[in-house]
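Q: The primary structure of each chain is shown beneath.
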Amino acid sequence: MTIDQILVIIGSISFASWVAWYFWFSEKKAIMIKSGQDGFQEAVIKVKGGYSPDILIFETGKPIKLNFIREETAACSEEVIFSDFNKKATLTPYKTIPVELKIDQPGEYGFQCSMGMLKGKLIVH
Amino acid sequence: MATKDIFNKSYAYDPVCGMRIKSLSKYFIKLNGKVFEFCSENCQHEFETDPSKFVNKNDIKSNSYKSTSYGLQKLQLPIIDMNCSSCAITIEKAVKKLPGIKSATINYVTETAYVDYGEGEVEVDDIVNAIKRAGYKTGRAVLKLSVNGMHCGSCVSKIEEELKKTQGVISASVDLGAETVLINYIPGQIEVYKIKNVIEKLGYKTSITSGVINNTFEHIEGKRNKKTDTADLHAEKNVEVDENQLVREKEYKTLMNKFIFAGILALPVMFFSYPTVWGLPDQFQLGSPLLRYIWIAMGLLSLPVMFWSGSQFYTGAFAAFKNRSANMHTLIATGITAAWLYSTIATYLPSLFPQAELADQFFDVVFVVVALVVLGMALEIRAKGKSSEAIKKLMRLQSKTARVLRNEEEVDIPIEEVVLDDIIIVRPGEKIPVDGIVIDGNSSIDESMITGESIPVEKHTGNEVIGSTINKTGAFKFKATKVGKDTALAQIIELVEQAQSSKAPIQKIVDQVSGYFVPAVIILAILAFAGWYVLGPAPQLAYALIVFVTILVIACPCALGLATPMSLMVGVGKGAENGILIRSGDALETTQKIDTIVLDKTGTITEGQPSLTDVITTNSFEEKELIFLSASVEKSSEHPLAEAIVNGASDRGISLTDPKEFKAIAGHGVEATVHDHKVLLGNKKMMDKFNIELGGLQEKSTNLADYGKTPMYVAINGKAAGIIAVADKIKSDSKEAIVQLKDLGLEVVMITGDNIRTANAIGKLVGIDRVLAEVLPEDKSFNVQKLQKEGKVVAMVGDGINDAPALAQANIGLAIGTGTDVAIEASDITLIKGSLKGVVLAIQLSKATMKNIKQNLFGAFFYNGVGIPIAAGLLFPFFGILLSPLIAGAAMAFSSVTVVTNANRLRKFKPKLK
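Sequence lines, in order, name chains L and E.
Numbering of the first sequence is given in our numbering, commencing with residue 1 and proceeding in unit increments.
Numbering of the second sequence is given in our numbering, commencing with residue 126 and proceeding in unit increments.
For the record, the hints were derived by calculation from the structure and aren't laboratory data.
A few of these clues could be false.
[To be verified] Lysine-lysine pairs mimicking DSBU-like chemistry, simulated, CA-CA at most 30 angstroms apart: (1) L:88 x E:633; (2) L:65 x E:262; (3) E:604 x E:518; (4) E:1035 x L:88; (5) E:972 x L:87; (6) E:604 x L:88; (7) E:972 x L:48; (8) L:87 x E:319.
Just so we're clear, the structure is a prediction, and the values are computed from it rather than from any experiment.
Just chain E, same shape as in the assembly (with noise of 0.2 angstroms):
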């Protein structure tokens, strides 16, 4: 690249910043009979200090990409969702089809295009866009860096041409008004801070404006400014979560502050409105001038009240006016301004009414309502802000940055720049950064966080790991499988966001009443005037007056509104928690109405691989000895059953030796020397053919195999000694799982393809006793639609592979994780961890949350309901009582905090496991 030759007439690359320069550059030096070039005195004097350094990456990074002397270009992009190698041979296709390509491979295997084009013939975009117009996504990272001392449109110019010569750069584009620049780039190929030095070696000043942005970047179609605006959304996406949290505190702190301004002032109009409570001297009382004084002083005072502490009722109001609709500050100002206007004319033209006694004021209506509404409003942004805690938490958990391998050596890149098949570098107490597997080292790792499971987990090479968890002891290399939006935790997130704004059918009554709710409230107070000032007792307008005010106050519309969201924010968040992923509304409601549950048996009630279940010895054998010869031979086995005798032995902490003649006899067994015994292992027709007498073995092993187990014999010196018998095992909480079942009085069906005996004993060890047998996958949707059809609301459990078709069936499927898979399609409940007891607390969840829900909605339909005609006055002919408009303020700012707060209360649940 540095090196000029007789075939580059005009460019040379700088070394040491890879920067394209212009030939002969002023800076240069001769080393080994090559001309290395340079764009700066600084760069030139990097070099000469280490000359290997830049030469020696040159080489490496020959692979990836270069432009060699006579302007052909190598381009390495990574391609994600390869699925199939046919897909190699259709981007091929896409990327040859464009001008200038001299030649392009595609390897499946690496999911990565190598490209060979003329310079200036055709584009990195080009490229990139041809490969997405064949429906494939390529790896490439989004950048947005703010750029300080741009003066001119000129500068513009400049920087995107110098970035879009760096390798690795595929578009830049430089927003003047915002001083800021959106990079495109293929990470793996350029890191940022070398994207930077580009712009900073050009004289301006950079910084990450809001570090991340999504790693794959989306396919979409259209036009290429398109492109940019969802990067720029993604981009700011995170940085929005703070500034929203700095607005809801500036609002809250607004709100307090014009509490305190009415509250304040709400005390001496009070004291004042009250005389005869108070029991004040003569002068205080109603129609002396010195009180005259004091109310025109009130008066003055609640402007600012008004409009200042509750100018947000009236702005909301007017706004809403102005669509033709009407909500809770309709009602405050309508109610307030009502209060307002009587007073005021009972203060400054009190000649204006019939009789001197009408001539009351209700200031203190204002100051008190409008501190108390202003004060609930305040608390509920306190409340909601917790009830929002889960996903927030979720979104902290992302790491920042990642220890990568790159050209062999370990470095600190941004989790932005993690590309797939990096290989990442963990060590003790670090966190794990994306999804990958283990291919070296091995640790215990804490899954908590995404599994709700506290007991860490041990992992060894081959294991899939999830990001965001963290490693406690060991340290460990592992290979990003996901990055960006496909982590787990990424698509947790998505998850359950979209459940959170998804709507419960049970909503649908509350969007009944609330589209009419406010106006009729309206008309209700009017009709309530109407009537107290023709039957109600004197002085009427004045009674009038205060029911028509109290009405308006007490209807409170967010308490109803607020009821259903609140609770499902909570309860969603709370399964995310705890490795439930309830995937809507009507999920988690139809989940409490369900009342049989179908267990798929294999990877659900058992652990859904094979391992060592039981030992039986003979002819004075030992157990240990057993285990650890046949465990030695198998080691050299590569049948599927023999992992599971391996593992078997390792877990009771045997150690292995190599076997010597090992021999396979296909459809008996197997056959091998160790410790110069003569091992034999299989069926009994291995046995048979070795003459080996079985005795009251034969019966054990027909036993073992009703009970779904694969039992094989073991001969060791010609002598039968003993049975080892592998299974899938039954998990192990999965019995007392399905007792919890039972006691939240749900039918337990299992439903699998064993035959009948081993299925109803496999039934019998966990306690299930209908048990439909010998079922075909492809019939296990037909099985759960025949219960449907006995009139069972059916949840379904299984995984979300096979059993996809009965799980969409089902009323409710819910599907067990597997690993970092989560958003599986046909589930309405996803259980990130694999026990059963995950299906007992969804259950207990979703009972708990719908049981929250209708608090909510029975609180806050009675609060109204009942308030509302006492309001009215309803009760005022029976026992003359008349609300006041103060409690009913106090009333109505309250009911919407409480309805959050007993939201908030589901944050507190806990599975009732026993």
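Bound conformation, chain L alone (with noise of 0.2 angstroms):
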């Protein structure tokens, strides 16, 4: 085996893991929502390409406003589903679009564009 070979074996190994650990299993930052004077935990939420943030936390029992800014026109991320609530908003771009829950069952509530490519999380506790 020549030196090349090993080199870019050792450096595919290297790339591969780095992906895995990157997108399967290093921490996601999640954001804590705290309820505000009107007693909605609100959060702004911008939408392009993905969700940021993507993962909130919540408390249970008190209500959720999420405003959502879609700051793209591609088609993927028109649409969100809380499909868990069986909740879904068309999301118009560069417009804040508000999306109301109220959780009272600790846990998580995934979030997504209608053919799943975006994803978030609600996380509540």
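Each of the two chains sits in its own frame; use the hints to bring them together as a complex.
A: Listed below in structure tokens is the structure:
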């Protein structure tokens, strides 16, 4: 085996490991949302190629308001679906589209675009 | 109102525009000893031309809302959702607690609150809020107007104050930035044009920005500004439908332009990239200086292709990368970047390669992959637009205006202003604006858009009409019973939207896979690169790169992600078109698994109301005569079965006459004289009482009773004339539907409270072998459970009220809808049309949809499962086949379009009803 082959193998394995770590095992940033004066736990979620923030932490039993702002026209992100609650919203680009929820059961609830390419998560406890 | 008198020190009301003005105004008229004041010369002039118009109007209005001269305000407020008379007391108490309330009366029947209160002591809004706190809604509407010409903050308060002073307006808030004003008002007390007038009188121009807003205002806990937000959202909802459509169109056009740009440039690139294939002369072959210049040109042209045509791949990939996630864009962006980097080095710095033959370029991959994937995305938008057509069609059904009787005048008003109990006039060919009950006139109505039933339905006084259906023949008046988001149409739209956003359990596999899919593909591509570099044939680097790019390009996470939701969307939409409302993906998936179907007898197999079924004559009486005489007698009776006989006569075209000397004998029957004939109608006891010889009739009567019918003896002039039997008739298509259910391989079971003999007889008539008879209503759900214990997957069909527990217990509950009640809580599927055929259709549709989903999933998994290994070169050692990245690009682009197109095939679903 030549040196370049060994280098390619080492390089590929480390790159592949990094991909696995980065996308699967690295810790993702979660944002804690506190309730405001009006009792709503309100967050702004930017939609552009993904949801940012995409992991949000809420308290159970208090109303949640997610203000989606879609900053792109790509068709993928047109709809956001909360399938646990049979809820969806059509995100008109560059407009604030609020989605209101009230979650009484602690747990993790995913939300996603219509084809599941973009994903986010609500952690409620 | 307009009258000025000594008690009113500072204010008067303009009788023309209704505005409150400072007294004494510059503009006034004395008429019949009263002084009328006006805000402007215009109003005064209008009044002068026809004073009676305004004076009389005030008199009519005085019942609904007025301020008396000494500051006492009278308010009339419609209230929604009052279910009991005790509600009225609750509301009264709540309102009376407020300061400044002189009196508060709530009329339960008219669902209206009449409140007298002191001006300035309490606001209308406080009263509305007190009612809300008591747990009830007030009928109010929200209007959003755009106002032009506001330049300063003072304009805001000026408009707000003026509006708040206006009768019928509850609150108004101006948004200076957006140049809009949001008004809460009581429909029926003030019309939109009057509100506009008020603002226009102040010198501003108005226009309705978004027309529609929900009519009955949702009761929301929390602060006032929250409510305004919600109203805003509702206001925008309808506009968004169009706006999103525009965005989609624009996106489609942009993508098509991007495709055309990349596609045109791809042609020469393809031409010069394969000089040997096209047999080009030597100067264009690899290694020639001319070709190198062409490569340099390609390299330059590739930049706009990558960063304009393919810009969405990079922005999408970058955004996902920041979120530590990866998607289709990540794959494409990585793939084309790798190909581009290699080609650029080969073009500009060929000396970096250890061997000269490695210095080849793959710019064609960049051009072709970008062009094809972008084309695929564009086609997908088009195809997806079709998938959601069903719900768009439903949304378009809503009519915009209604012709309502207000103050004994017919006025055309926007649909949002229609309130409960409004009398609405519908002419032939017009759309019925909201749900209601016919109070005058009759017509035939095309309800196909809601129920899926293509034959028009006859409607008479007392019948329910459904909003957004079309009146065919006659003109009629009806009373609105459901408005705004309570109408059947609004509820259908909501149910369909909810179902379309739900997840079918089958989707769970996809969800598990898709979380790992893209990074796994990237890892596989890297490992394949290493594998080819180490083990592959020469030139290794070039092969390794091709394999790496091909794997990334061919993998299609979108096809996986689209497979289930697309079919679900089309399937649920198709159901709604046929009057079948499927509550969720779960319901759809379970429906195709059922093996046993339990049918409730009353109202499901049968009509649920008695009708005239049999007429037996004896002693040479004519059937027509018998019906004529007995129905004429029953005309005066109040017995529920009497109506069935009278209707039976009119269905047979027999006109009746009024009976004389009508007498009802409790527990026996009735007697009367019709056209000098003495008619007796009743049971055996009745006949015995009058010593009527029954002969063979008695046996026939027992026979009828065995079939669950109610026979009544008829005697004319002291002689037995025959039997008239009334029964809950079996629906005309029940038998046929049951045959079809059996053809679907289902065990059909009938459940009823009837005695075993009757139940069996009916079961035989409709072709049901297994009959559960003498079941008390509360035991129905227990019987369903027993069937489930036998290991069966059970569907229960019944009405949504009495059978609710059984519907909930069954694996799938199908509720037969009654008119405008579509959101039946206990059911998984609601059939708007009350026919059993709907059940057959629902099962067929769920089977078709699930089949479609499985095709899609199989296609998507198979495509990726086979495509990726081939791209990795699995076939190369055996057959020497290696996939070109160009073909991979084409495959990827059309895989997701194929999924959507396959889902759209469901739109052509036709029920297989024989």
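Q: Hint by hint, which ones does the structure fall short of?
A: Result: hints 6, 7 and 8 break, sorted rising.
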